[in-house]
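Position 158, counted from 1, in the sequence shown is what my numbering calls 158; the numbers after and before it change by one each time, with no gaps.
Just so you know, the hints here were simulated from the structure itself, not pulled from any lab data. The beta carbon of each residue, even a glycine, is placed where N, CA and C say it ideally should be. You may find that some hints are simply not true.
Stated by the list, open to error - Computed beta-carbon distance windows for the label pairs: (1) 98 - 47: 36 to 46 Å; (2) 223 - 35: 35 to 45 Å; (3) 207 - 235: 33 to 43 Å; (4) 152 - 206: 49 to 59 Å.
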Amino acid sequence: MRASFSAPSQVVPPPSPTLARGTQLDRPLRKRNLSSFLTRNVCEDALLESELLLLAFATGIQDGTTYPDFLCFASNQTGNSVLLAVGLTRLGGVPINLSNVGVSLSLFIAGGWIMGQLGNAFGCRRRLWLLVSSLLQTAMVFAAAGIIYRLGVAETGPVALGVIALLAFSSGDQVAMARSLKIMEITTAMATAAYIDLLIDPELFKARNRPRNRRVLFLISLVAGSFAGAFAYARA
Numbered sequence: 001m002r003a004s005f006s007a008p009s010q011v012v013p014p015p016s017p018t019l020a021r022g023t024q025l026d027r028p029l030r031k032r033n034l035s036s037f038l039t040r041n042v043c044e045d046a047l048l049e050s051e052l053l054l055l056a057f058a059t060g061i062q063d064g065t066t067y068p069d070f071l072c073f074a075s076n077q078t079g080n081s082v083l084l085a086v087g088l089t090r091l092g093g094v095p096i097n098l099s100n101v102g103v104s105l106s107l108f109i110a111g112g113w114i115m116g117q118l119g120n121a122f123g124c125r126r127r128l129w130l131l132v133s134s135l136l137q138t139a140m141v142f143a144a145a146g147i148i149y150r151l152g153v154a155e156t157g158p159v160a161l162g163v164i165a166l167l168a169f170s171s172g173d174q175v176a177m178a179r180s181l182k183i184m185e186i187t188t189a190m191a192t193a194a195y196i197d198l199l200i201d202p203e204l205f206k207a208r209n210r211p212r213n214r215r216v217l218f219l220i221s222l223v224a225g226s227f228a229g230a231f232a233y234a235r236a
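Just need the whole structure built from these sequences, with the hints factored in.
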């Protein structure tokens, strides 16, 4: 009698938990990837340069629209330092509001100092810090715009000082953040050094000169923003 043998039944493995519940199991990995991304330093590339140039353009708009109302600058503290000296010495009867100038200069220094030192503590080139710093700057600018929209423009008094304080602190934070990124040709606010550094560049006329290109684009962005702000103010 011939024995009959049946082929062993094939054991089907249970569904892989990764396939069955891929979305759930991927969440910790996604969180780790996001955390790793946010805690890494930003790269010095064309994208970062473009973001700084946009900040320079926005700085021009801000000073172009705020100076006519408050007779002081929110970002250009070189100008405010001169206005403070002229106002204190009362030269030539120039109408200068020392309260506005003093608040702007003081809050700019406070913003640069506080946020600059916090950046040193948390990592001034880390993406998470740059995101937090940028969100704070944006929130303060929107708060200043909201005050003006709600209460109107006041050249002096508490409303004016509140708006100036918000914009100046935000500007101090912005310049401190930009300088910490070590792209020295794009300061986002101060143009005097950029003009001189451009003019004395020994490789000014070379075809490939990235520092020169950065300075030129920065100056164009800042001046274009100033014109945009001035025209917007005139049409408002």
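Report task. Can you let me know if the beta-carbon spacing of residue 207 and residue 235 is within 33 to 43 Å? Result -> 40 Å, holds
Query - Cβ separation of residue 223 and residue 35, checked against the hinted range 35 to 45 Å - result: 40 Å, holds
Query raised in the report: Between residue 98 and residue 47, does the C-beta distance stay in 36 to 46 Å?
Result: Since the Cβ atoms of residue 98 and residue 47 sit about 42 Å apart, the hinted range of 36 to 46 Å holds.
Report task. Given the hint of 49 to 59 Å, check if residue 152 and residue 206 actually sit that far apart at their C-beta atoms. Result -> Given a distance of about 52 Å, which is inside 49 to 59 Å, the answer is holds.
When held up to the earlier numbered hints, the structure conflicts with none and fits them all.
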